[in-house]
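Student: Protein sequence lines correspond, in order, to chains Z and Y. Just so we're aligned: 21 in this note's numbering is position 21 of the first sequence, and the numbers increase by one with no gaps anywhere. Just so we're aligned: 13 in this note's numbering is position 13 of the second sequence, and the numbers increase by one with no gaps anywhere.
Treat the hints loosely; a few may be bogus.
Straight-line distance between alpha carbons at most 30 Å, and here's what the computed BS3-like set of lysine-lysine pairs gives [said to hold, decoys possible]:
hint: 1; chain 1: Z; residue 1: LYS167; chain 2: Z; residue 2: LYS121
hint: 2; chain 1: Z; residue 1: LYS2; chain 2: Z; residue 2: LYS311
hint: 3; chain 1: Z; residue 1: LYS48; chain 2: Y; residue 2: LYS41
hint: 4; chain 1: Z; residue 1: LYS383; chain 2: Y; residue 2: LYS102
hint: 5; chain 1: Y; residue 1: LYS112; chain 2: Z; residue 2: LYS402
hint: 6; chain 1: Z; residue 1: LYS402; chain 2: Y; residue 2: LYS107
hint: 7; chain 1: Z; residue 1: LYS405; chain 2: Y; residue 2: LYS88
What the hints contain is simulated information worked out from the structure, not anything from laboratory work.
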Amino acid sequence: MKNNIIILGGGQAGIYAAREIRQNDSKSNIKIIGEENLLPYERPPLSKDFLLDKKNEEDLYFHSSDVLKNENIEFENVSISKVDFENKKLFADNDDVYSYDSLLISTGSENKKLSLDNNLKNDVYYLRNLEEAKKIKEIVSNKNKITIIGGGFIGLEIASSLSQLQKKVIVIEIGNQLMGRIIPKQIADLVQNTHLEHGNEIILNKQIEKITKKNGIYEILLNDNSLIKTDFLIAGIGSTPAVKLFENTNLKLDNGILTNQFCETSIKDVYAAGDVSNFYHPLYERNMRLESYQHAQNHGICAGKNIAGVKTEYTSIPWMWSDQFNLNLQLTGICNDYDEIIERGNDINSGVIYFFLKNKIIRGACGLGIAGKIGRDIRITSKLSEKNTIVDKQILSDQNQKLNKLIQK
Amino acid sequence: MYLFSKNRYYIQFMSEENWIEVGSTDSIEEEDLIRFDHQDKTFCVYKLTDGFYATDGICTHEAVHLEDGLVMDDEIECPMHQGIFNIKSGEALSPPACEDLKTYPVKVDNDKIFIKID
Ligand SMILES: Cc1cc2nc3c(=O)[nH]c(=O)nc-3n(C[C@H](O)[C@H](O)[C@H](O)COP(=O)(O)OP(=O)(O)OC[C@H]3O[C@@H](n4cnc5c(N)ncnc54)[C@H](O)[C@@H]3O)c2cc1C
Ligand code: FES
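Work the whole structure out from these sequences, hints included.
Tutor: Here it is, written out as structure tokens:
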């Protein structure tokens with residue numbers, strides 16, 4: 001049967017879903033609708049190698065237009081402003097109407113914005129897409145002292161890149177540690193030391209009271225009355241799922257679009273994947289929303305299978321990375337629900353990992369090391385937690401013993 | 001004299017076949033790899049269930065040593081961003097790796113592993 005399948009949101013989850021549908025269904029029409037006038041591209045380099053000029057725009061695309069043409073996947077650049085789930089229709093800004101039989105929502109997430117006086121609204125920059133990355137790159141080239149508001153992943157990655165471009169960087173974080181939303185303090189402190197060693201200034205536990213602009217210089221007043229002067233402001237204060245479009249519809253929302261383990265939403269024939277979805281994870285027996293590269297890819301693929309009629313449960317173990325300076329940070333599983341912590345290694349040159357166990361079973365791990373040093377152990381941890389393996393703690397804590405031996409074949 | 005003959009042997013060895021000795025077959029555990037540096041290049045040499053294989057030692061995505069990666073069946077997974085390559089063909093199987101990894105012929109002679117570098 002020939003179906004009209006629409007994928008709303010042309011990012012990572014969207015493109016992987018489209019290609020997976022095509023692998024399983026050669027007949028249906030597949031259309032990706034995206035508001036960015038760009039084929040789906042990778043976002044991780046935007047805060048890292050793109051700012052550093054190690055990667056350019058052409059390096060970011062997942063696939064060329066030829067791949068999409070060969071697989072008969074249409075890409076249309078338009079912004080959708082209204083959805084009618086009852087009649088299965090999408091309405092675009094330009095009044096075009098699109099009808100679907102199945103819909104995948106993969107609209108990603110949006111950056112939270114600071115509440116600022118109107119006259120400063122355009123002075124603070126955010127980073128989510130290529131256009132913003134280009135703007136930031138262009139402007140920072142003639143700025144010296146740059147302040148980043150928010151000590152999360154994106155803010156710190158920008159701080160690392162700008163420091164490598166010889167800029168003076170200040171990071172202001174409201175919490176008492178960096179990356180506090182998901183990274184354990186032990187690892188966050190090691191990351192902080194690396195920023196300090198490279199000359200970045202990190203200010204924790206401080207709130208911004210007021211920002212003013214005088215002669216092209218910004219003055220940031222903090223709640224301890226200290227004043228910071230800076231040439232340029234970038235904010236990375238977290239993100240929210242891109243669900244505004246669905247707020248007055250029947251689609252069930254709660255920190256994103258609620259989906260079950262098959263990527264199905266509360267409305268028949270409507271699926272969601274990637275950053276925008278708050279999905280049920282059967283292994284953890286709870287819902288979660290993830291903003292990560294690997295998840296966007298795997299969740300997109302899983303949604304694609306289900307849309308094509310191949311019923312598939314999503315059971316991927318969460319995994320994400322962040323690269324700052326020459327360090328690679330990785331997190332797998334969940335690190336906030338544990339009754340025991342085990343440390344492996346104590347030097348970032350050979351890698352440091354904290355394992356989080358509950359009832360003797362590894363639930364998650366977070367590690368930091370010079371590029372590549374912790375990857376294998378983190379990956380093995382994912383496999384162990386997936387199988388609920390009871391592990392030998394002595395092996396976990398001894399860096400001289402390979403973890404490969406813990407994997408049961 | 002000794003030096004001279006050793007050098008000559010080396011040159012002959014390189015030009016005729018370009019087979020370079022990596023080490024003994026028991027230096028690698030099964031389903032594992034070792035790193036091998038030769039001149040200014042780095043290689044990975046693997047022992048899989050059906051024999052020995054060799055690839056470039058640096059990921060095609062970023063300059064990261066694959067020696068720290070995980071070998072699973074016929075695949076090597078990069079330790080940095082989990083890009084995956086087929087060890088036998090070098091094919092990039094999973095993003096962010098998209099460029100294939102170069103592979104090299106391997107032979108075993110008298111319990112010693114050799115790789116052929118072009
Ligand atoms: C700067 C940056 C660095 C990152 N670094 C890392 C990293 O190092 N490691 C890691 O694991 N993850 C990283 N991530 C996270 C990762 O990139 C995201 O999790 C991933 O892109 C999510 O994919 P997605 O398909 O869900 O959404 P997205 O890739 O964001 O795609 C959503 C698309 O939908 C479009 N859209 C939204 N609404 C509409 C509409 N109404 N009409 C039409 N189109 C619409 C958007 O414009 C967008 O193009 C980073 C993200 C950013 C922004
Ligand atoms: S460096 Fe190997 S996948 Fe990125």
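Student: Run every hint past the structure and note whether it holds.
Tutor: Going through the hints against the structure:
no.: 1; hint: Z:LYS167 x Z:LYS121; in the structure: holds, 24 Å
no.: 2; hint: Z:LYS2 x Z:LYS311; in the structure: holds, 19 Å
no.: 3; hint: Z:LYS48 x Y:LYS41; in the structure: holds, 26 Å
no.: 4; hint: Z:LYS383 x Y:LYS102; in the structure: holds, 28 Å
no.: 5; hint: Y:LYS112 x Z:LYS402; in the structure: holds, 25 Å
no.: 6; hint: Z:LYS402 x Y:LYS107; in the structure: holds, 27 Å
no.: 7; hint: Z:LYS405 x Y:LYS88; in the structure: holds, 24 Å
The structure fails none of the hints (numbered hints given earlier).
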